[in-house]
Amino acid sequence: MKFDLSYTIDALPRLLEGATVTVQVALLGFLFSITLGTIIVLTRTTLNWRILNGIIAVYVSFIRGTPLMIQIFLVYYVLPVTGLNLGAFTSGILAITLNSAAFVSEILRGGLTSVPKGQFEAAKSLGVSGVALWGRVILPQTFIASIPPLVNEFTQVLKATALLSIITVVELLRVSQQIYSANYHPVEILSGAFIIYFLLCFFVSRGSVLLENHWRVRRA
Amino acid sequence: MMVEETKKEDHFLQLKDITTTFGSIVALNNVNFSVKKGEVVCLIGPSGCGKSTLLRTANWLTPPDKGSVSLDGVLVGSESNKNMSLNEMKVLNGIRAKMGMVFQQFNVWPHLDALENVVRAQLVVAKRSRKEAEEKATKMLFDVGLGEKIHDWPDNLSGGQKQRLGIARALAMDPVLMLLDEPTSALDPELVSEVLNVLKRLANEGMTMIIVTHELGFASQVADRVAFMEDGKIIEEGPPNVILKSPKTQRLRLFLDKLNITSFTPS
Chain A
601 MKFDLSYTID ALPRLLEGAT VTVQVALLGF LFSITLGTII VLTRTTLNWR ILNGIIAVYV
661 SFIRGTPLMI QIFLVYYVLP VTGLNLGAFT SGILAITLNS AAFVSEILRG GLTSVPKGQF
721 EAAKSLGVSG VALWGRVILP QTFIASIPPL VNEFTQVLKA TALLSIITVV ELLRVSQQIY
781 SANYHPVEIL SGAFIIYFLL CFFVSRGSVL LENHWRVRRA
Chain B
5 MMVEETKKED HFLQLKDITT TFGSIVALNN VNFSVKKGEV VCLIGPSGCG KSTLLRTANW
65 LTPPDKGSVS LDGVLVGSES NKNMSLNEMK VLNGIRAKMG MVFQQFNVWP HLDALENVVR
125 AQLVVAKRSR KEAEEKATKM LFDVGLGEKI HDWPDNLSGG QKQRLGIARA LAMDPVLMLL
185 DEPTSALDPE LVSEVLNVLK RLANEGMTMI IVTHELGFAS QVADRVAFME DGKIIEEGPP
245 NVILKSPKTQ RLRLFLDKLN ITSFTPS
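From first to last, the protein sequence lines stand for chains A and B.
Residue numbers 601 to 820, in my numbering, belong to the letters of the first sequence in order.
Residue numbers 5 to 271, in my numbering, belong to the letters of the second sequence in order.
Chain A extracted, bound-state conformation:
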C-alpha cells in the first residue's frame, strides 16, 4: 500500500473543522482551568483554612495520580447518574478543566512564591489591600512569572483533547477516525491530524517566546 497524499488533501477541510473544535475545547478548558487554579491558589493563601487546604491537597494528588482518560470517563458516565446530563462537549471541557486546574494551581503557587514579600508590604504601606492588592499588584506578577509553565500546560491541554474522542466529542482525532473508517486510509488521514496537532503546538510555543520577551522587562 502506498501513501496517497490526495486522501489527506481531500480530508483537509473536515480535519480543519475538527481542529477548530479541538482549539475551542482547549481554549475554553484552559480558560476555566486558569480561573479555577487562581481561585484555588487564592483560597489557599488568603483564607488558609485547614479543611479546605486538605480538600485541595487531596484533589491535586488524585488528579496527578490517575490517568486523564479515566477522569474523562468518570465525568462523562458518572455525572449523568447524579442527574446531571451535560453532553459530550461540556463533559469534555469539564474533565479537561478539572484536570488542568490541578496543575495550573501548582504552577501559580510556584509563581506566587517568586513574588517578593516586599511587594505585599509596599502595597500595604500605601493602603492597598484586599482585592486591589491581589488583583493589581500580586496576581499580575504571579502570572508574568508563570508564563513559560502556563504555556507548556496549554500545549498539554491541546494534546489531551484528543482523548475526548473516546466520549464522542467530534474534535480532530474523532473526525480523523470517522474519515478513515469510511475510506480505509488511516495512515494518510492520521498523518494529516498529526501535522495539524504539531503546527498548533508549535505556534503556541512560539507565542510563548514572544509573550516572555514582551513581559520580561516587567519582571522583578
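Honestly, I wouldn't trust all of these hints.
[Claimed, not checked] Derived pair list, reagent style SDA-like, types lysine to any residue, alpha-carbon separation capped at 20 Å:
| hint | chain 1 | residue 1 | chain 2 | residue 2 |
| --- | --- | --- | --- | --- |
| 1 | A | 717 | B | 201 |
| 2 | A | 724 | B | 97 |
| 3 | B | 102 | A | 729 |
| 4 | B | 102 | A | 730 |
| 5 | B | 153 | A | 819 |
| 6 | A | 724 | B | 153 |
| 7 | A | 724 | B | 95 |
| 8 | A | 717 | B | 26 |
[Claimed, not checked] Which chain B residues face chain A? A few, computed with CB under 7 Å, are given here:
| hint | residue |
| --- | --- |
| 9 | 16 |
| 10 | 65 |
| 11 | 101 |
| 12 | 107 |
| 13 | 115 |
| 14 | 125 |
| 15 | 129 |
| 16 | 210 |
Just so you know, the hints here were simulated from the structure itself, not pulled from any lab data.
All residues carry an ideal CB built from backbone N, CA and C; glycine is no exception.
Here the structure of chain A is known, so what remains is to put chain B in place on it, guided by the hints.
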C-alpha cells in the same frame, strides 16, 4: 488648654509601650517613642537591634504583641485589634496611605511603568480620577528627578532611580509622615547621594520623617534627633551634634567607634 495643645504637638506620632517578639527573640522591649510634627528622627544601631521593627510598627506593618500607635491623635492600632474587621482595615488603609514608606529593597512594582507605579494607589486608595492621579504622578516624578523616565519600566532603572521612584510613589499620597527603612543601604556608593539629596529637600520642606540609616554623616546633617537602639530598646537619644559627638553611654560609644574603624579616613 495650652498644655494639651503642646502635648499633642509633641506626640504627632506616638508609639506606646511597644513589645514585639518573633518566637523567642524580643525585637522590641517596651519601647516608647514619639515624634513631633516636622521633626526628622534618625534611628541608628547595630543590625538586629529593632530599628526596622520599630519603623514598621508605626504603620502597623509589623503589629506588636503589646502596645499602641497613634498618629495625630488617631489610633493606628493597638494590641486589642489584631484581628481587624473589614471596616477597621479600611480605616487603617487610610492612615497607612498618610504614612509614606520607603524600603531598603525599593519594592517598586516591576509590572507597572514608573508613572503607573505612582498612579495606582492614588486611584485605589485616594480615589482620585485617572487624570488627577496622572498629573500628580508626573509632578512627583519630576520632583525626584525622574521627569525623563515616566514611561520606563523599573527593570530599566538604576537602584537610585528605583528608590526615587519609591519615594515619589509614597509622596503622591500626600503623606504627613515618611518612614524610611535604610533607603540607601542597597545602593552603589555613587548612587547614594542622589537619594539623600531628595531626602534633604524633603527635610527642608518640613516633612516629618523617621529614617533608619547607617549614614551618620547624613543623619548629622538632616536629623533633629538621633535615637540609638540596641537589644530592642532606645538606649540614648538627642540632637545629632550632641549624641554623635559626645555619647553618654558606653554602648553608643562602642557602636560609633566600630563605625569609625570601618569608614576610610586618609591620613
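For each hint, the structure was consulted:
1. Our distance criterion of 20 Å between C-alpha atoms is broken by residue 717(A) and residue 201(B), whose separation comes to about 28 Å.
2. Straight-line distance between C-alpha atoms of residue 724(A) and residue 97(B) comes to about 7 Å, which keeps the hinted pair within the 20 Å bound.
3. This hinted pair checks out: residue 102(B) and residue 729(A) have alpha carbons roughly 15 Å apart, not beyond 20 Å.
4. With a CA separation close to 18 Å, the supplied pair residue 102(B) and residue 730(A) stays within the 20 Å bound.
5. A distance of roughly 18 Å separates the Cα atoms of residue 153(B) and residue 819(A); the hinted pair therefore holds under the 20 Å criterion.
6. For the suggested pair residue 724(A) and residue 153(B), the alpha carbons sit about 25 Å apart, so the restraint of at most 20 Å is broken.
7. Among the hinted pairs, residue 724(A) with residue 95(B) is consistent with the structure: their alpha-carbon atoms are about 13 Å apart, no more than 20 Å.
8. For a cut-off of 20 Å, the pair hint linking residue 717(A) to residue 26(B) stands: about 17 Å separates their Cα positions.
9. With its C-beta approaching chain A no nearer than about 18 Å, residue 16(B) sits outside the 7 Å limit, and its interface hint is violated.
10. With a cut of 7 Å, the hint placing residue 65(B) at the interface with chain A holds, because the nearest CB-to-CB distance is about 6 Å.
11. Because the beta carbon of residue 101(B) sits about 4 Å from the nearest beta carbon in chain A, less than 7 Å, this interface hint is met.
12. At a threshold of 7 Å, the smallest CB-CB gap from residue 107(B) to chain A is about 6 Å, leaving the interface hint in force.
13. Given the 7 Å rule on beta carbons, the hint for residue 115(B) holds: about 4 Å separates it from the nearest Cβ of chain A.
14. With a cut of 7 Å, the hint placing residue 125(B) at the interface with chain A holds, because the nearest CB-to-CB distance is about 4 Å.
15. Given the 7 Å rule on beta carbons, the hint for residue 129(B) holds: about 4 Å separates it from the nearest Cβ of chain A.
16. Using the Cβ-Cβ criterion of 7 Å, the hint placing residue 210(B) at the interface with chain A is not satisfied: the shortest such distance is roughly 22 Å.
Comparing the model with each numbered hint stated earlier shows that hints 1, 6, 9, 16 do not hold.
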